Amino acid sequence: MTTLISLKGEKIHERAIMVETFRVDDDRILIEGRLNDRREREIYTLMGERRPPGAVHGMVARFLVGETPPKILDAEAEMPKIPIEECDKARDSIKKLIGLRIIYGFSRAVKERLGGTVGCTHLTSLVLSMGSAAMQGIANNRGQKKISPEAKSLMSQYVKNSCCVWREDGELFKAVTEEIKKGR
Numbered sequence: 086m087t088t089l090i091s092l093k094g095e096k097i098h099e100r101a102i103m104v105e106t107f108r109v110d111d112d113r114i115l116i117e118g119r120l121n122d123r124r125e126r127e128i129y130t131l132m133g134e135r136r137p138p139g140a141v142h143g144m145v146a147r148f149l150v151g152e153t154p155p156k157i158l159d160a161e162a163e164m165p166k167i168p169i170e171e172c173d174k175a176r177d178s179i180k181k182l183i184g185l186r187i188i189y190g191f192s193r194a195v196k197e198r199l200g201g202t203v204g205c206t207h208l209t210s211l212v213l214s215m216g217s218a219a220m221q222g223i224a225n226n227r228g229q230k231k232i233s234p235e236a237k238s239l240m241s242q243y244v245k246n247s248c249c250v251w252r253e254d255g256e257l258f259k260a261v262t263e264e265i266k267k268g269r
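Okay, so the sequence shown: first residue is 86 according to our numbering, each after it adds one.
There could be a bad hint or two in this list.
Here are the simulated lysine to aspartate or glutamate pairs, EDC-like style, with alpha carbons at most 16 Å apart [to be verified]:
id: 1; residue 1: K245; residue 2: E256
id: 2; residue 1: K237; residue 2: E253
id: 3; residue 1: K230; residue 2: D112
id: 4; residue 1: K180; residue 2: E117
Think of the hints as simulated: they come from the structure by calculation, not from any bench.
Bear in mind that the values here come from a model prediction, so they are computed numbers and not experimental data.
Using the sequences and the accompanying hints, generate a full structural model.
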């Protein structure tokens with residue numbers, strides 16, 4: 086039986102997405118995401134131009150997140166490396182995310198606000214990664230102190246049915262629900 090790894094040939098492209106979260110205060114975090122694309126071989130563009138190997142995209146997006154449920158309070162983007170000068174026109178589209186709650190439906194809302202002809206595919210990909218990372222950052226920031234039953238109840242609604250581990254009928258979600266009922 087052939088495994089997919091055995092089919093791997095010469096690397097032709099690499100995309101790296103890095104997301105970091107920083108504490109602002111007890112209630113707010115700053116999330117910074119970076120997307121870097123690199124081509125490993127010379128190519129021809131759709132216009133027939135030759136392009137050498139090297140960096141293609143270099144983007145940075147930042148959110149200030151606070152409140153409960155989590156909300157994007159401010160947003161900004163930088164595009165220090167873009168393949169086409171016109172790409173920079175999409176940079177300010179990130180402002181459309183201000184006020185967006187990071188809850189169920191976040192991905193759909195991001196695609197509606199940044200996708201297609203109104204934004205940038207690469208910025209959209211970065212922001213989608215930042216959404217799930219934001220929840221980890223929020224949990225780490227709030228988890229510095231013991232979590233009240235009220236906050237646990239609210240937070241449990243964010244993770245509910247978000248994956249197979251946190252499915253509503255799963256053991257972990259049921260155990261957390263029982264802890265909340267007991268006031269712990």
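Going through the hints against the structure:
| no. | hint | verdict |
| --- | --- | --- |
| 1 | K245 to E256 | holds, 12 Å |
| 2 | K237 to E253 | holds, 15 Å |
| 3 | K230 to D112 | holds, 12 Å |
| 4 | K180 to E117 | holds, 15 Å |
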